[in-house]
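Visitor: Residue-level listing of the chains:
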Amino acid sequence: MLLSAIQLLLFLSLPPFLLGVINRVKARVAGRTGQPLLQPYFDLWRLLHKGAVYSTTTTWVFRAGPVVGLAAVATAGLLLSFGGAPAMLSFSGDFVLFAYLLGLARFFTALAALDTGSAFEGMGAAREVSFASLAEPALFLCLVVLARATGALSLSQMLGEGLGSAWSTSGPALLLTALALFVVALAENARIPVDDPNTHLELTMIHEVMVLDHSGPDFAFILYGAALKLFLFGALVVRLALGFHFDSPWAALLAFLGGMLVFAVVVGTVESVMARLRLSRVPQMLVGASVLSVFALVLLLR
Amino acid sequence: MSLALAIAAVLLTASSGALSVAFRRQPDRAQRLAAGALVLGALLGMAGAGMALASPVPPSLDVGWQAPFARFAVRLDALSALFLFPVLGVPAAGAVYGLGYFPQARHGARAVRLQIWFGLVTGSMALVCMAANAILFLLAWEVMALAAFLLVLTDHEEPEAQRAAFVYLASAHVGNLALFALFVLLAREAGSWDFARMAGLAATTPAAPWLFGLALGGFGLKAGLMPLHFWLPGAHAAAPSHVSALMSGVLLKTGVYGLLRVTGFFEAPPASWGMALFTVGAVSGVLGVAFALAQHDLKRLLAYHSVENVGIIAMGAGLALLGRARGDGALVLLGLSGAVLHTVNHATFKALLFLGAGAVVHATQTRDLDHLGGLARAMPRTAALFLVGAAAISGLPPLNGFVSEWLVALASVRTAFDLGALPHPHAAALGVPVLALIGGLAAACFAKVVGAVFLGNGRSPHAALGHEPPPSMLAPMAALAAVCFAIGLLPALVIPSLTRAAAQWARLPEAALAAPAAEAARSAARLSAVAAVLLLLVAVLVLWRRRSLGARQPAAETWGCGFTAPTPRMQYTGSSLAEALVIRFGWVFFPRARVIPPAGLFPRRAAFSSSVPDTVLDVGILPALGSLARLAGFSRAALVGGRVQFQALLLLCGLIGLLAWLYASG
Amino acid sequence: MSRWTDTVFILVVVIDFFALASSRLGAAIRAVAAQGALLSLLPVLLATGEHQTAHVVALALGALLVKGIAIPLMMGWAIREAAVRREVEPIVGFVPSMVLGAVGVALAFAFSGGLPLPTPEKHPLLVPTSLATVWTGLLLVVSRRKAVAQVLGFLVLENGVFVFGVLLSDFMPVMVEAGVLLDLFAAVFVMGIVMFHINREFASLDTAKLSALKD
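Residue numbers (our numbering), protein chains in the order written: chain A, 1 to 302; chain B, 1001 to 1666; chain C, 2001 to 2215.
Some hints could be false.
Stated by the list, open to error - Now the in silico label distances, taken between C-beta atoms and shown as ranges: (1) B:D1368 x C:L2107: 37 to 47 angstroms; (2) A:G34 x B:V1595: 43 to 53 angstroms; (3) A:L201 x B:A1515: 53 to 63 angstroms; (4) B:F1608 x A:E161: 52 to 62 angstroms; (5) A:G171 x B:F1608: 46 to 56 angstroms; (6) A:L261 x C:L2107: 38 to 48 angstroms; (7) A:E161 x C:A2027: 34 to 44 angstroms; (8) C:V2161 x B:D1368: 49 to 59 angstroms; (9) B:F1608 x A:L261: 51 to 61 angstroms; (10) A:S13 x C:R2003: 33 to 43 angstroms; (11) A:R302 x B:A1067: 52 to 62 angstroms; (12) B:L1493 x A:A30: 51 to 61 angstroms; (13) B:A1421 x C:L2107: 17 to 27 angstroms; (14) A:G171 x B:D1618: 50 to 60 angstroms.
FYI, nobody ran anything at the bench for these hints, they're computed from the structure.
Glycine is no exception: its CB is placed at the ideal position from the N, C-alpha and C atoms.
I would like the entire structure built from these sequences, with the hints used as guidance.
Guide: This is the structure:
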C-alpha cells in the first residue's frame, strides 16, 4: 500500500519532467542547449498564478473542459501500476474503464473547443475526435492481446507477474503489440508524426489548436493533464517492454523509472528525425497499428 | 400481488387516453388527468416489477379465455420485470413532457388522439413483456404496432409523416408475418401455444434453425438490426418528440425482448446462433453510428443511434447465446447482463436525448443541425441535461452507458481465452475493438451534435429563437438524467437482478452463476469507487480554480487567429466536423448533393447542399419496389387496356393450362 | 532455432502489411527486397539432416541473389531510367488494402490447419505465412495502378509460392526451383524492357492509360 502510494505520488509529480527530457533531447539533436529540464514545472507554476480570460461566446462547458479533462486523466492513473506494486484500484475489466476515462477527457476537451465558436478550434476538435475513434480500437486490440497473453483481465495483472512468462512463450506477438502501442501513444498524445506540439500554424495543429482560447489555471490544467496522459501511455509501453520479473519492488520501481527515461529519449529522437505526416496519412498509420495488433492476436490465438 | 399491480398498470395505462376524451371541455385538466393516470399506472407497474424481481419464483397467472387457442396467461420472470421498468417509465416521462410539448389546449383533437394511442401503446407494450401465451403475445404485439402507426401519423397532413408511417406499417406487417410463422411452428413443435410448454425445446430439431431465422427476421425488424432498420429513421423523425422517445427508447426494445424470449425457449442453442446474432449486432453497431455521423437532421441522427445501440445489445445477447452453447456460465451472465442493462440504459438516455431534441425543435422550429448553434446560453438547463444524455450514449463513465458496454466488453474478451470445448469462438474477441470503435465514433457524433446545437454561436435566425422549455418538459428529462447517473454511479445494485434474469433465461440454477456474479459485483463496486474519485477531483479542481481566480474574470472575443471579422457562419459545422470520418464509410453511403456552382468573375450566388439517404430504403428497397410496380403496371396495361379478344384468349389459355395440370397430376 | 524461424515468418507477414501500406515505390521495393532476403534464410533454417547441404545452400544463395539483390536493383534502375513518379497511386486505398490484408492473414491463420497437406509437421507458421503472402501479392496486383507496383505485387506473390515450395522441397528437385526463379527473372526482365519502352513512347506507365490503346 505504501509502495502504491509512492507510485501515485510519482505519477502526479513526474510527468512534466518527462516533457522536459523530451524537449532536452530534441534540443540536443538540433544542436541547441535547450530549456531547463524543469521548465514545464515553471510554466505550470506561472500559469496557475495568472488570471484567466474567457471569451464572450463561451458557456460553462468551456470552463468544464479543462477540469473534467484533468480529473479524468488523473483518475485513470489510479488503475495503472508504475512499478513493483499493484495499482491503487484494480479489478477485472479495469482496462475498459482506463480507456474510457481518457475518452471522457477527450470528449470534454473537444466540446470546450467547439464552445469558443472559432473555426480553428472546431477544426482541431474534428481532427481529435476523428483520429481518436481510430486510435481507440488499436489500443483495445493491444489490450486484448495482453489479456490473452497473460490470461488476466485487469491492467495490474496484465502488466504484472504473468507478463514475464508470456514474453518467453509469445515474444514476437508481444513485440508487435509494443510497437502498435507505441504508435497509439504517439497519436493519442499528439506527438510527431501525428501532430507537432511546437507548431505555430493553426491550420496544421490538432491538440494545440483545440486549447487556443484557454488561459491561466485552465491552461495549466490542460498542460498538466496532457503530461499525465503522456506518462500513462509511456507507462503502458514501458511496462509491456520491461516484461521480466523483479524480486524486489524497489528494483522494479527503479527499472520502471529508467524505462520511462528511455521512453522519453525515444520519443524525443522520433520527433527529431521524423517529419509530421500529412493529415490524410494519420488514419493509415493508426489502422496500421490496429493491423499489427490483429496479427499479434492471430499469432496468439493460433 | 405483483401480478395484480402489473395488470392494473396495463389497464390503467392503456385506458389513460380515455380521460382526455371524457374531460375534453377542460383540455388542460383532461391532459393532466390522462398523464396522471398513465404515470400512476406506470408507478404501479414498476412497483409490481420490483416485487417480482425480489421473489425467487416468478409470479404467474393462467386463466381460460374464449378466444381460440388463447389463454390469458401472464408471467413476470426477471427478464419481463426488468423490461417493464423502461417500458413503463419512458412513456410516463413522455406523458408528463407532453403537457408542455403537445398541449391539448392548443392542439385539440390531435392531442386527444395522440394521448389515446400513446396510452394504448404503453399498455400493449407492457402486456407484450408479460404475456406467456403466443396468441396473447401476438394480439398485444399487433395492437402495439397499429397504435404506434397511428402515433407516427399524428401530423397526418404532412407528406413526411405519411410516408414514414406507411413504411413503418408495411415493415411492421412483414415482421408480423414472420412472427405468425414463428409461433405457429413453435406451437407445432411444443404441442401448445403456452410459453411454459415451449420452454425446453431441443435446438437440434430440423425446424430449429428456421425458428431462429424467423425470430431474427421478425423481431430484428422491430428492433432495427442493420439491414432491417430502414423504417426507423423516418418514423422517429416524423413523430412528435415524446413519441420518438417512446418508439426509440422502448418500442424497439420489444423486438429485443422477443428475441431473448424465443432464444430462451431452446435448450443449448448452437454456437452458430450466437455468432450470427453477434455479427449482426457488430455490423448494426458500426454502420448505425456511421450513418448517424452523416446525418444533419437532429432526430434522424438520434434514430440511427438507436440502430447502433440495438447492435450493442445484440452483441451482448449473441455472446450470452455463445455462453449457453459452451456451457460457460460467466459468459452467459456477462453477455445477458450487458444486453439487458444496455436495453434499460439506452431507453433512459435515448429518451432523454429525444426529449432534449424536442425542446430544441419546439423552441427553434428546425431540426437541421447546421442552422442551430449557441443554444446553451438561451437554454442552459436543456443543454446540461442533453449533455448528460450525450455522454451516457457515448459510453463515458461515470454514466450508465459505460456500465453496460463494459459488461459486453468483458464478455467479449472472455472469448479470447481457451475455455470449454473446441472449437473456441475466438472471433468474438474482436467485439472489444468493435465496441471501442463504436464508442469512439459515437463520442465523435455527439461532440458534433452538442457542439453544433448548443455551443458556439447561432448559425441562423432559428437559433435566436431558443428559450428554456416549461418545467413540465424539464422535469421528465431531469428524472431520466438522474437514472443515468444512478445506474452509472452504483452499478453493483443492479447486478443481482441481472443475475437472476440471466439464470432464468439460460435455465441454470442461480447458484451456478453465483461466483461470476460475485466477481462482477466486486468489480462494479470498484467502478463506483473510481467514479467517486472522479467526481471528487472535479469538485476539488473547480474549487481551486475559483479560489485562485477570484470573483471576476475579464471577458474578450474568441481569438480569431489574427482574423478580425469572423462571422458565425465561419464556424465549423456539424457536417464538416464529421466529414473526415464520414469519408471512411464512403463505401456504404450514396450521398446526394445539390450544387449551384459559382459562375462568372463576380458570382452572384452559389449553393451546396448534401444529404445521405438511407442505403437500404432509398437505394435498395424503394427503387426495387418502384421497378416492380412499373413492371406490374406494364403488364396491367397489356391486360386491361388490350382488346377483348386478347383477354378472352388469355382466359382460354388459362383454362387449358388448368385442365392440363389437372390431367397431369390426376 | 525454431524461434529464429518464427521470427522470419512473422517478419515476412509484417513486410506484407508494409507493402500494402507503403505509398512510396522505393520503400515498397526495398521492403520486398528485404522479404526476399529473409526468405532466402528459410531453406537453411528449415533444413534437417537428411537434406543435401549443397542443395540447401544453392537454393538459399539463388533466392538471395535473385529475390534480394538482382530484381530489386533492376526495378530501382527501371524507375530511375523511366522516371516513374514515386507515388504508388492505389486503386483501392491504403486503409482498405490494409484491412483486406489483415482479413486475409486472419483467415489464412484460421483455416490453414484444416488443409490436407503432405507434410503438416514442418512448421506451424509455414502454410499460413505462404497463404497470407500469396493473398497480399494478389491484392497488390489487383489494386495498384502502376505497372511497377504490379510487378512488385507479382514478386510478393512469388515469395508466397516460394515459402510453399520450401514446404515441398523434399519432393521438388532443384531444377524445378531454379526453373521457377528463372521464370520469374525472365518475366521481370521482359516487363522491365516493356515498361521502359512503353514509357519512352507514351511518357506514362499508368495501366488505365495503356488499356485505352486496345483499339
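Visitor: With reference to the structure, classify each hint as holding or not holding.
Guide: Against the structure, the hints come out as follows:
no., hint, verdict
1, B:D1368 x C:L2107: 37 to 47 angstroms, "holds (44 angstroms)"
2, A:G34 x B:V1595: 43 to 53 angstroms, "holds (52 angstroms)"
3, A:L201 x B:A1515: 53 to 63 angstroms, "holds (57 angstroms)"
4, B:F1608 x A:E161: 52 to 62 angstroms, "holds (59 angstroms)"
5, A:G171 x B:F1608: 46 to 56 angstroms, "holds (54 angstroms)"
6, A:L261 x C:L2107: 38 to 48 angstroms, "holds (42 angstroms)"
7, A:E161 x C:A2027: 34 to 44 angstroms, "holds (40 angstroms)"
8, C:V2161 x B:D1368: 49 to 59 angstroms, "holds (57 angstroms)"
9, B:F1608 x A:L261: 51 to 61 angstroms, "holds (53 angstroms)"
10, A:S13 x C:R2003: 33 to 43 angstroms, "holds (41 angstroms)"
11, A:R302 x B:A1067: 52 to 62 angstroms, "holds (58 angstroms)"
12, B:L1493 x A:A30: 51 to 61 angstroms, "holds (57 angstroms)"
13, B:A1421 x C:L2107: 17 to 27 angstroms, "holds (23 angstroms)"
14, A:G171 x B:D1618: 50 to 60 angstroms, "holds (52 angstroms)"
Checked against the numbered hints listed earlier, the structure breaks none of them; every hint is satisfied.
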